[in-house]
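A.B. asks: As a plain string of letters, each chain reads:
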Amino acid sequence: MSDVLIRGAQLLGASEGDLGIRDGVFVPADDIHAGAKKTRVVDASGLVALPGLVDLHTHLRQPGMDHAETVLSGSRAAAAGGFTAVFAMANTQPVADSVGITDLVYRLGREAGYVDVRPIGAVTKGLAGEELAGIAGMANGRAAVRVFSDDGHCVSDSLVMRRALEYVSTFGGVIAQHAQDPQLTEGSQINEGALSSRLGLTGWPAVAEEAIIARDILLAEYTGARLHICHLSTRGSVQIVRDAKARGARVTAEVTPHHLLLTEDLTAGYDPLFKVNPPLRSDDDVLAVREGVADGTIDIVATDHAPHPSESKDCAFGEAAFGMLGLETALSVIQHSLVDSGLIDWSRVATILSSTPAQIGQLAGYDAPLQVGSPAHLTLVDPTASHTGEMRYTASSNNPYLGRSLPGRVMHTFYSGRATVIDGDVVEPDVVGGES
Amino acid sequence: MKHLLGCEGMSAEEALNLLDTAAEFSALAGRKVPKLPTLRGVSVANLFFEDSTRTRLSFESAAKKLSADVITFTGQGSSLSKGESLKDTAQTIEAMGTHIIVVRHSSSGAAWRLAHSGWLHSSVINAGDGTHEHPTQALLDAFTLRGRLHGDGAIGKDLSGVSVVIVGDIAHSRVARSNVHLLTTLGATVTLVAPKTLTPSEVEQWPVRHTTSFDEALAEHPQAVMMLRVQNERMKGSHFPSPREYIAHYGLSVQRFRKLPESTLIMHPGPINRGVEIFSIAADSPQSTILEQVTNGVWVRMAALYAVHGQEGS
Chain A
1 MSDVLIRGAQ LLGASEGDLG IRDGVFVPAD DIHAGAKKTR VVDASGLVAL
51 PGLVDLHTHL RQPGMDHAET VLSGSRAAAA GGFTAVFAMA NTQPVADSVG
101 ITDLVYRLGR EAGYVDVRPI GAVTKGLAGE ELAGIAGMAN GRAAVRVFSD
151 DGHCVSDSLV MRRALEYVST FGGVIAQHAQ DPQLTEGSQI NEGALSSRLG
201 LTGWPAVAEE AIIARDILLA EYTGARLHIC HLSTRGSVQI VRDAKARGAR
251 VTAEVTPHHL LLTEDLTAGY DPLFKVNPPL RSDDDVLAVR EGVADGTIDI
301 VATDHAPHPS ESKDCAFGEA AFGMLGLETA LSVIQHSLVD SGLIDWSRVA
351 TILSSTPAQI GQLAGYDAPL QVGSPAHLTL VDPTASHTGE MRYTASSNNP
401 YLGRSLPGRV MHTFYSGRAT VIDGDVVEPD VVGGES
Chain B
1 MKHLLGCEGM SAEEALNLLD TAAEFSALAG RKVPKLPTLR GVSVANLFFE
51 DSTRTRLSFE SAAKKLSADV ITFTGQGSSL SKGESLKDTA QTIEAMGTHI
101 IVVRHSSSGA AWRLAHSGWL HSSVINAGDG THEHPTQALL DAFTLRGRLH
151 GDGAIGKDLS GVSVVIVGDI AHSRVARSNV HLLTTLGATV TLVAPKTLTP
201 SEVEQWPVRH TTSFDEALAE HPQAVMMLRV QNERMKGSHF PSPREYIAHY
251 GLSVQRFRKL PESTLIMHPG PINRGVEIFS IAADSPQSTI LEQVTNGVWV
301 RMAALYAVHG QEGS
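Residue numbers (the working numbering), protein chains in the order written: chain A, 1 to 436; chain B, 1 to 314.
Take a look, some chain A residues computed to stay more than 12 Å from chain B by CB distance:
#1 SER355
#2 ALA368
#3 PRO383
#4 LEU402
One-sided excerpt, in silico: chain A residues whose CB lies under 10 Å from chain B:
#5 LEU195
#6 LEU201
#7 PRO205
#8 PRO272
#9 GLU311
#10 CYS315
#11 GLY318
If you are wondering where the hints come from, they were derived from the structure by calculation, not from laboratory data. Even for Gly, the Cβ is constructed at its ideal location relative to N, Cα and C.
Given only the sequences and the hints, what does the whole structure look like? Please build it.
C.D. replies: So, in structure tokens, the structure goes:
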């Protein structure tokens with residue numbers, strides 16, 4: 001592996017400095033000899049240096065739905081977006097509810113070699129919400145699973161949720177809850193309100209999310225377990241989490257890039273590209289989740305990257321699948337909605353998109369970003385660039401951003417010192433050299 | 001117009017045009033051969049993904065009276081059960097050479113999708129999409145109201161000053177949505193009557209009045225009362241405790257009917273549930289327009305076919 005010298009980057013968006021990489025870790029820049037044959041020198045003037053990004057909520061679709069995405073295509077999309085680690089959700093086919101599947105996904109990630117693929121284990125068998133999945137087996141497997149989620153489904157039964165919180169905490173894990181009361185959202189298509197009423201689409205009321213979040217926080221406080229809330233989307237949810245944190249509850253929360261930017265009005269033309277779960281909400285909800293990130297109520301941004309084959313979107317709204325892509329555009333959306341709007345600075349971006357998601361997922365190596373001795377997970381982004389939402393690496397096309405002007409572009413990504421993105425292009429698989 | 005997808009956003013001028021055209025077509029009723037050559041050579045496909053015998057027959061009849069060629073597709077026992085999509089079915093039918101596609105589908109927005117996704121060249125007429133709109137039903141309701149109130153002098157007239165009460169499952173009714181848009185565009189005052197469980201969310205933002213009390217709404221002597229059908233499963237505890245309780249509060253019962261002036265029109269989009277939302281004494285009374293609505297449906301659908309024909313592919 002060659003030495004790397006990064007010159008003139010704005011470290012975490014602040015002071016200008018150089019970074020040295022040798023043998024996969026950051027070393028003092030002075031230790032690297034710029035003139036040496038085996039040294040790669042990157043001119044990073046004008047680029048912001050961030051730690052490698054960590055996505056706590058990704059759907060890689062493998063095994064079972066390889067036509068929508070594979071671990072390899074999703075890993076490349078992740079690298080293009082500046083990520084060096086992704087947590088892959090359990091709703092594959094078969095479901096990742098046993099060590100065989102989680103270790104398979106882990107191995108596929110190692111073979112691809114672009115990012116650290118950390119499988120998430122299912123909470124319940126088959127995501128059915130009834131019996132606990134093989135949690136200990138998954139925790140003790142090669143993948144050492146620490147995050148468990150039935151995402152796509154809510155663990156709605158209160159007793160199952162209580163037991164799951166208790167059991168997962170036995171292994172030091174965390175439950176990431178998809179908060180959606182199934183009865184209150186029977187047949188739901190878009191946010192419940194004036195628009196759903198006008199369009200004749202069944203509403204997905206905010207209270208269906210908030211009621212589960214409130215219950216789960218109480219259960220977490222009662223059991224002493226840790227709780228993570230996936231893709232929170234309403235003003236009410238933000239307030240419930242804010243109050244819980246003020247009491248000292250062990251709860252963390254995430255928001256998706258799309259809930260930071262897009263609103264329900266986009267569904268007015270019945271285009272299933274904008275059908276997502278939880279649904280796009282109101283302008284006021286978007287303001288509230290942005291404020292929630294700014295004041296620390298919401299801990300992280302996670303993509304909920306959800307690839308679907310075009311057949312699942314090229315149909316009537318009510319028949320379409322829920323979900324949208326997000327890995328390749330996440331940082332741009334965050335820059336637009338949080339950084340350029342003045343709510344947070346780049347060092348906070350590093351926190352909400354790298355160190356905190358790593359901490360929640362118990363992923364080592366992200367606690368001292370860009371520091372000498374840390375693994376060299378690095379993203380160099382050009383904040384002055386702009387684009388129109390194109391995605392080049394995911395295997396799917398359910399991209400809600402296409403044609404929308406967005407700022408920022410990931411120019412280089414290094415995963416454990418190896419370049420996965422050079423000058424804005426993802427390197428070829430033989431260059432990145434995954435495990436065979 | 002290229003498509004007829006809904007009454008929302010339709011201008012009063014467009015609506016009056018359709019109603020006036022329908023009025024002209026209604027003159028066919030007295031003729032020995034009630035048929036015009038207007039759409040000779042035009043091919044109309046009825047795509048009924050969700051079956052509705054009366055609407056399908058009404059569209060077929062309208063197309064035939066205009067001499068169009070008609071083919072009809074219904075969901076049951078078709079390629080749909082083999083998993084063919086809305087897009088593929090519509091494109092397959094269009095490939096047989098259609099100019100106008102009339103679509104009924106259980107998914108809200110299906111007609112809009114067919115018209116705006118670049119899948120088809122044909123003009124699209126919405127014959128009911130999910131719980132969204134059913135524009136030709138609202139047009140025939142407006143046509144019926146106008147005819148009863150203005151008689152032979154109806155042409156060119158809107159519904160200014162007319163008050164209409166719509167009762168029943170407003171939340172799940174495409175008929176109610178289309179009527180709210182159309183009747184208010186034409187100047188009528190609309191009052192919606194439903195229990196909270198059947199009232200759409202944020203109804204305050206609709207250009208209507210709403211109340212939970214049928215008797216209060218009737219006390220104001222509206223010119224027309226439109227009763228909506230309530231699906232049986234909604235009356236078995238999910239939205240209402242029992243049919244008996246529904247009838248007591250929201251049925252056009254014998255007592256309520258007897259209190260109404262003879263001038264109050266009684267409307268229903270059909271099919272009616274006798275003894276539930278409407279009792280026979282009201283349904284069969286001279287002030288009932290129920291069968292007239294069915295007849296007028298043909299004129300209005302002729303007007304709709306006429307309005308969109310020749311626009312396909314543009």
